[in-house]
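S.K.: One letter stands for each residue in the lines below.
Protein chains: 2
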Amino acid sequence: MKQLALTTLVAVSSLFASLTAEEKTPVDWVNPQIDTVKPRFFYFSSACRPFGLVNLSPDTQPDKTWNSGYRYNDEKIECFSHIHGWQIAGLPVMPLPASGDHKDYASKFSHDDEVVKAGYHKVVLQDHGVTAELTSTMRVGFHRYTYSASDDAHLIIDLSRKLMDHDMLDPEATLRDDKLAIEGSTTMGPTGRRKKNFKVYYVAEFNKPAEAVGDWEDGKVVVNFGKLDEPLLMKVGLSYTSLEGARKNLEAELSHWDFDQVVQESYDHWNEWLGRIQVEGGTDAQKTKFYTDLWHAHLGRRTVSDVDNKYADNTGSETLIRQGKRPHYNFDALWGAQWSLNVLWPMAWPELMDDFADTMVNMYHNGGLIPRGPSGGNYTYVMIGDPASSFFSAAYHKGMRNWDKEAAFAGLMRNAFPGGIRDHAGYETQAYSNGGGMSYYVNRGYVPLKIPKSKGGHRQGAAQTLEYSYQDWCLAQLATSLDRKEEAELLNKRATNYKNVWDAEVGWMRPRKMDGSWHEPFSPINDKGFTSPGFVESASAIYTFYIPHDLNGLAELFGSRDAMAERLNSNFEKAAPVRFIAEHGNHAISWVDYQNQPATGMAHVFSHIGKPWMSQYWVREVLNKTFSDVTPFGGYNGDEDQGQMGALSALMAMGLFDMTGGAAQDPQFDILAPVFDKVTIKLNPDYHKGGEFTIVANNQAPGNCYIQSAKLNGEEWNSFQFPFETFANGGTLELELGPEPNKEWGVK
Amino acid sequence: MKQLALTTLVAVSSLFASLTAEEKTPVDWVNPQIDTVKPRFFYFSSACRPFGLVNLSPDTQPDKTWNSGYRYNDEKIECFSHIHGWQIAGLPVMPLPASGDHKDYASKFSHDDEVVKAGYHKVVLQDHGVTAELTSTMRVGFHRYTYSASDDAHLIIDLSRKLMDHDMLDPEATLRDDKLAIEGSTTMGPTGRRKKNFKVYYVAEFNKPAEAVGDWEDGKVVVNFGKLDEPLLMKVGLSYTSLEGARKNLEAELSHWDFDQVVQESYDHWNEWLGRIQVEGGTDAQKTKFYTDLWHAHLGRRTVSDVDNKYADNTGSETLIRQGKRPHYNFDALWGAQWSLNVLWPMAWPELMDDFADTMVNMYHNGGLIPRGPSGGNYTYVMIGDPASSFFSAAYHKGMRNWDKEAAFAGLMRNAFPGGIRDHAGYETQAYSNGGGMSYYVNRGYVPLKIPKSKGGHRQGAAQTLEYSYQDWCLAQLATSLDRKEEAELLNKRATNYKNVWDAEVGWMRPRKMDGSWHEPFSPINDKGFTSPGFVESASAIYTFYIPHDLNGLAELFGSRDAMAERLNSNFEKAAPVRFIAEHGNHAISWVDYQNQPATGMAHVFSHIGKPWMSQYWVREVLNKTFSDVTPFGGYNGDEDQGQMGALSALMAMGLFDMTGGAAQDPQFDILAPVFDKVTIKLNPDYHKGGEFTIVANNQAPGNCYIQSAKLNGEEWNSFQFPFETFANGGTLELELGPEPNKEWGVK
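In order, the protein sequences belong to chains A and B. Everything in the first sequence is counted per my numbering, starting at 1 for the first residue and increasing by one. Everything in the second sequence is counted per my numbering, starting at 1 for the first residue and increasing by one.
Hints in this document: simulated from the structure, not taken from any laboratory.
Copies of the same chain are indistinguishable here, so a pair counts whether it falls within one copy or spans any two.
Derived lysine-lysine pairs resembling PhoX-like cross-links, with alpha carbons at most 20 Å apart:
| hint | residue 1 | residue 2 |
| --- | --- | --- |
| 1 | LYS38 | LYS64 |
| 2 | LYS76 | LYS108 |
| 3 | LYS485 | LYS513 |
| 4 | LYS455 | LYS405 |
| 5 | LYS485 | LYS453 |
| 6 | LYS453 | LYS405 |
| 7 | LYS455 | LYS485 |
| 8 | LYS450 | LYS485 |
| 9 | LYS711 | LYS678 |
| 10 | LYS103 | LYS162 |
| 11 | LYS76 | LYS38 |
Isolated chain A, as found in the complex (with noise of 0.2 Å):
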């Protein structure tokens, strides 16, 4: 038996041998490693699938929201758990031998003989003598553990561990009469963010019978396996329906024990998502870091329905099982992803716009509200606006249109008004509140700092206004398109709202006070506290920018253009010597903030008032400075925030944009120049026709940044813009770069 144990062992390793760059497929690049020296609970992962209900890793700093989960430089791994999502976390387990101690049950483990991977974990605990693997199906988590001390085989699933910020209730634990399988439930008690409980079934199944030890009294189940001559294999299914469901997932995912078959297919499956872009040339980090992206853009939103599109609904008085059409996702909010998952998605996943646009649907049905950030089956009110309206518009406008139009465009119309979705201030602690300032907002076309009564957190009014102006436009967009001509007309009036907090004095957006007057004192970023008044974790030397729909009408506050890009480009460079990330995380006194969302627009200015060349150079300063690390100790700057920086740091590498967010009833990309040679783009024919869609980037050299001339399907090409629509029908844009901007190319 040991030697089949052997055999296994084997067949992992020679899917992870050591490949010649030539040799390596998309999934072999990415290394979840990187950036995980401070990371945010659910960043890492590795034994997990696109979007998966599992992900299943070590934690070694378990019980914090940040600066949590798996840290690089930390020394123990404390569990092995099954859930790493926005506001949830569940089902730690670890594995040790009968004399390992059972109550601070953490390991010492070294990166040495550490394998990870995307879709497959291994490491030796070193204080309990196990070597542990890990993969996972959608819904599965397989778990491999080969005990090494002669000393019996035991394993703790700890129901009832604070994980992440939350305390973990009513534990339920049954051992199945064949002595094979744990099955019961666990659940995690409320969020600040997520109010309610929200509760887990699992069903652990076992290739060897156990025998309970101790009472399970406290929450904490252990078993012994007794002494093993071959390795314990576990397969845990979830589901946050019910035991059946559970069993279920369980039973349609996973029905066998060949581990190392769930690696391959794990890898398979992530193959055939990153493979949709295959990129040639560049250096091999770039190729890391950019399927190390793309990897990111896939991971942190998890999908919450069972294998039969069953999921909780929590937004009642009571937890409702409903019967979805589609996947049901839980994620963080999609502030900011209009320039990232929104231009990302529909280029080679497309699908996935209509699961998240259907979720949506199905959670204003269910509880009135399109959501932002729904976790646990209800709203958590995380950031401010209503970051869907964009997305609902990219959806709509790409051509991903399986969704209750109707319902969306009424739930989204409800969103921009008093009694919305943008009237709940973030975080807030109250149902009712109008921290979202949205009665001012539609009374005096801004909202002002300190509202009376309001609740909640970044009530931030300057900010509020151009996120709304902005989502206003997108919503204008959609309207127009479903021709509900009067919705599209108030909406297009209400877009230019952002007029209203520039102060022409100062020359820079800025908050208004409840009287109207202009808060005082003003300066254009804020050293004086860690956010600045009327400003979303950021100042307004970054928000001033956050105008994607009219940057033309910008320019005209600014006088002229070239004072627009002047000023910009003066951000810029103060910025250049900090990476264009806040300092110390202090996001009130930068000017560039490429570290959270108000600021990853900013590069691409340029290119839509008449300076693509300076666009060009920016990005791609941006990348090289703030998004190229491939070690544990950069990449993504703090917060990659479920794959909105590792979307954005893709489309640099690629050489694309959209500064509207794809909301733009003809969506246009921007072109930069991309770092590889050659990107090739698999379309998605059910919703593409094409077939594929190349870029090609002649005379590529690290500096050459910069656009000398272009050709779109064989013709040249002067403008910085693309339709869409040429995209989705295939075909190649050839770009010429240099060390020297063409002043000429792409500008209009």
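Using the hints, position chain B against chain A.
M.R.: Chain B only, in chain A's frame:
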């Protein structure tokens, strides 16, 4: 045993013996047969408690919505059915001998030996030889059938019979093992307005064992009780939540078999409710009408929760059983109730305001919208606008505040913008519509005719604009009281939107077209069709005066108060020959229409523009000509609308009104001449500490409709209004009446 039956009958008959006027208590004045010549299905009531879940009564025409139910001129009773509510009906039964026609089981009856009371109905089924008596508790129908035939006694429970305008589906019936009960359920199929099924559970208990007859396959349950020498008693407990709920309701409310006791309790129950207002003087007919009015005001809206306040929520994809804290109601829209129920209920039944507010807030929690006409646990989108705005504002300002104020305000704000309840057009067939025109209202300040892509009925922009404008003012009052200043400011601005449909050229309110121009041709009434374009079941002649919150603003549009009074007076003069109602039911050709809500504040308008004596005159004229009939052939003029016309008529008889529907921050009663010498209102001490408030009318005589002078709590009172607060503190309003107007009194 025969002896016992006779004794029982004597007891009931003594309760309803001929009484002198002096002996009569309030309930003795009630005549359920008033205006039953052409009722709608839910109009007639006999064996029913206030807002009873069970409303058991004979149907002579059970399968239509209009001109149906119990019709005075019909010769046959088709069945006794247990539910007569807004879009709900159910459980028809019929006693008959074994030899009777079980297929067409209707029976002749005569009014001669019929006794019809509030809470009791006795009728002889001539074809069946059965004397049927009906009474009820809140949730249990109680039947006493005295069979005269020597034949076996049969009973049909027809679970599949079409009722009102819906089919009855999925009949379930089980004869209990002891043969003393049949239990089961039956499901109301959808109606055009209530789109989802609604299931009702029943337990029918008998005092004799029953044998099944036939196979019940088609849902027609027939049982045989054999030969009876004493009456058959049947208690039918209903519930909308579960069979268990029906059992629980039956047990809690009716654990014995004493029919007469229940009749007595029902009688006492009604007396407690109706006796909260005592009148002296007036004619017998006036008292009959007054107490029948009050009785109507507490009828048609039906309790749908169990004794423990559990109710069915159908707002989502599945039916959910929710636990409420107060009773939950099913009701036709409160459309226009600002001039009837909103004024009447707070006077003596303030707890109702809390109850109905709570029902509406619960629906907001459950389904995302404060409803307009909830039925079957879901929305019906009947009529237009958001009448809840005036209802909640009245409840708040009159001191009934036992509901979630933040949730209510959030819901009402949501309703006041696109995506809320106002945006749902009348009876729309789709859940997502813009028929309410809220985007237009927000964008333009009015709702035009023929909104593109809109669906549903009553898309009548001028009326929508006018009602929204008033509702904005109501919500602004509430916002101000809740210290929501910005919302108040925003809504107060919108409250003047009525001016946007005023055409100064023609001097009437007039619909606008999509391009903003006036609809052509124009006439204040429209004899071309049933409805005038732009006005809801009405015409410009009526809606022009629908500005309850700013009648002096309207007078300015007219040029002067005198000009406005003259115009309104001319409307009344034109309408007088047709008793102030729409001739042949054609609302669109009426100058005044007291058979439908939009006109029901008109006669009271004069007081507010400096001519109280004209209101005194026309209110009395309307009361006498439109609402005084106490025969089966008149009284409410066709559509009493669940107590609205009753409440209005009662208010006119008492000489009280409130033009703003109580929604003002400092609500005022309008004073008019009562028809009674004395009206005493017992205040509910849980809300109003004053004990009672009395209105004394000196020099009462048929023509003396004019107030000469007034004293409020002994002090001379020269305003046509007095504060609700004064009323709630208890006291006396003493009026001197006369046959000629005192044009000085009350003018302001």
